[in-house]
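Student: Whenever a hint applies, use it, and build me the whole structure from the sequences.
Chains V and Z supply the protein sequences, listed in that same order.
End of the first sequence = 162 in the numbering used here, gap-free, step of one.
End of the second sequence = 858 in the numbering used here, gap-free, step of one.
In case anyone wonders, no lab produced these hints; they're calculated from the structure.
There may be inaccurate statements among the hints.
As the list claims (entries may be wrong) - No more than 16 Å apart at the CA atoms, straight line, and that leaves these computed lysine to aspartate or glutamate pairs for EDC-like: (1) K600/Z with D578/Z; (2) K140/V with E339/Z; (3) K605/Z with E498/Z; (4) K548/Z with E838/Z; (5) K350/Z with E364/Z; (6) K519/Z with E824/Z; (7) K420/Z with D407/Z; (8) K595/Z with D578/Z; (9) K56/V with D841/Z; (10) K49/V with D67/V; (11) K605/Z with D578/Z; (12) K548/Z with D60/V; (13) K140/V with E558/Z; (14) K350/Z with E421/Z; (15) K26/V with D92/V; (16) K725/Z with E739/Z; (17) K136/V with E558/Z; (18) K56/V with E838/Z; (19) K420/Z with E359/Z; (20) K548/Z with E54/V; (21) K602/Z with D578/Z.
To be verified - Quick partial rundown of chain V residues pointing at chain Z, CB under 8 Å, derived from the structure: (22) R7; (23) F10; (24) P36; (25) A43; (26) T57; (27) A83; (28) E102; (29) T104; (30) L119; (31) G120; (32) A138.
To be verified - From chain V, some residues computed to sit far from chain Z (all C-beta separations above 10 Å): (33) S13; (34) V30; (35) E54; (36) D67; (37) R127; (38) V128.
A virtual CB, placed ideally from N, CA and C, is assigned to each residue, including glycine.
Chain by chain, the residues:
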Amino acid sequence: MEKRLRQGFITSEDLKNLPDKERLKKGWVAVIECPQNIPCDACIYACKTQALEMKTVADLPVINYDKCIGCFQCMHACPGVAIFMVRLTDDGKGMVSLPYEFTDLPKAGETVDLLNRLGEKLGPARVIRTFSMGKDAAKSSYVTVETAPELIWDARFIRRR
Amino acid sequence: MQGERYSPRIQEHPILSFERGRKIKFFFDGREIEAYEGETITAALYAAGIRQLTESLKYRRPRGFFCAIGKCSSCLAQVDGVSNVKTCVTLVKEGMDVRSQKRKFSLLGSLVSAALKRGLFPSVGGHYKKLVGGPLVWPLARRAIKAMAGFGEFPEPNPTLGKFLPSETWEGDLVVIGGGPAGISAALYGAKLGLKVALVDENSRLGGQLVKQTHRFFGSKEYYAGTRGFEIGRILEKEAASYSNITVLLDTTVFGFYPGNILGAVQKIDFCKEKMVKLRAKRMVFATGAYERTLIFENNDLPGVMGAGGVQTLMNVQGIRPGKNGLIIGAGNVGLILAYQLLQAGVRVEAVIEAMPGVGGYFVHAAKIRRAGVPILTSHTILKALGKGSVEGAVVAKLDDKWNPLPGSEKELECDFICVAVGLHPSFELPYQAGCQLKYVPELGGMVPVHDQWMETSVPGIYIAGDTSGIEEASTAILGGRIAGLSAGLSLVKDREAEKLRSEFVKALEEFRDNPLSAKIREGKKKAQPR
Ligand SMILES: Cc1cc2nc3c(=O)[nH]c(=O)nc-3n(C[C@H](O)[C@H](O)[C@H](O)COP(=O)(O)OP(=O)(O)OC[C@H]3O[C@@H](n4cnc5c(N)ncnc54)[C@H](O)[C@@H]3O)c2cc1C
Ligand code: FES
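Tutor: If you want it as structure tokens, here you go:
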């Protein structure tokens, strides 16, 4: 992984202790892709349920999926744009919410291309909604898409068609 | 991002909003150009598609802007009859007459240029030595050189310009030079101890580098982690304004240190209306930040090759896109962040080139652009910029493990501008002038004034903070600034609480640097200690 870090991407195999299917079916949960010891603890303070832990400011955040209530706050607080929200629906579809800090926000119902961590096309996805969190300078936009369940570990960006 | 039709002025931005002033007109070499009040001449020209502002004196190579912050002099033009105006820091005005400082055609000039190009004359700088001989030769030579260089015409005196305003003197306890996160923090903590403080910055607003940063900053919650850079700047600016014992002097450049703890500064009131300001204080904090390094490659002087900070200023302060498709040299944090900011401004990024085998910046900054499809070519370098008059492409090549370009690996990339983001160097000139001992510490970015943990230099009463004390980041600049401000104060007044606070900040700094990625900084800070 060390080698990939230096090239600017990880793969889904690098993600450790992922939530199981059961947890994913219960609702949204955060996936934290913060594999480098940078001095930053913004997510810890954003979490209202103490689901995230970090000993010193340069540690990696560790998430407890039983405590995570899927509130999106850590995704919004992360300066690295490195937190994504995922879930599975009852009828077995996958859902991903991801930060999208660009002007061409897609519309609900639109079909977009899903991209992986290298910007490669994974396949189509349907936009469920776009939304923003925070006000003024703290405002950021997010997009929720519905896709094949196996893609939730790889879909990290979208491109409008 | 992908949808908007290309227009140089950014109308829609996911994070910033640009409030443009009244629409005005001005002239460039006689051509009428549209602009908005509040834009710099460079920015307005750039938006009108004019990249070449002048040409180099000797080889007549086209020159465009590079730094956009008044440091490099590659944007000089004649404005309303005044020569050598830095157009990147001069605001446009209705009816302004801007002229490129190109040489008029003259046979002698053409012959000399041709001779120079063929190497018939002594090399760079040679004319300084060759033509100065004798009181008879020099006046003639000077005239000829000026004519050939395009500075020969003495402009008609403009009666509205050039009036000297009465100078001003400020006296107090502490002068802080530089209004970035480090300087503002130093001023705040000096003021908290009751000092009479002046905070001086050459820009028209406080914030330093922060003003151009749209991304949320890392760090600890206590030091604005998660807040966007420009917002941190605003918060600090507001706090400084709330202290009645802090005088903020904007548009004021400190140009020299004089014996008796005096600083000379010049304050810009309007175009060609400036005021001298003499600052005398018992203590000084230099927090002048850093300047950008450049890189040597063929045609690196072509208009469209710009510093990363210059691009940020044009794009995030002036609201003007630097082009349609950019190439970034350097995958440190600055290069990576710039790539993301370009995407946000609706500009394509062809690639980020990095000579090292891996990215130098944080992984997350790299990941943000990779998932958006921007290639990062590690172990690559740029060989040359292509284009006539302005950048039209670049040739890059792979490097072998001895840093030599691999023959046959050259490839041409398309781009209409190139950003050089190869690192920063502490700006050490003023402390050096004040007699502070310098040391070359590569881990900190180059020459730095030697300083102790209280941020005091080798000259008692002179302190440094922020990037001037080693290239780092905003959180550490804030902490270093606070320590410097408190140290300056504690050398004048006794205060137990403040002493305790200062030790806490020193500890916080240590904690902050206590991670593998800060190993270099820790090493550098050790080297920069006195003795
Ligand atoms: C692209 C980029 C991204 C960054 N991202 C991050 C990040 O994510 N997190 C983070 O923590 N840090 C980040 N930083 C770094 C951070 O912005 C700097 O380390 C910090 O701004 C340094 O603060 P400073 O006060 O020392 O200098 P500056 O912010 O550079 O301020 C110095 C000020 O002094 C003024 N000045 C200089 N000379 C004179 C003079 N003679 N007279 C008057 N005024 C003068 C300058 O104009 C400037 O306003 C980033 C920097 C860049 C360029
Ligand atoms: S001084 Fe104007 S571009 Fe550098």
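Student: Looking at the structure, which of the earlier hints fail to hold?
Tutor: Violated hints: none at all, because every hint is consistent with the structure.
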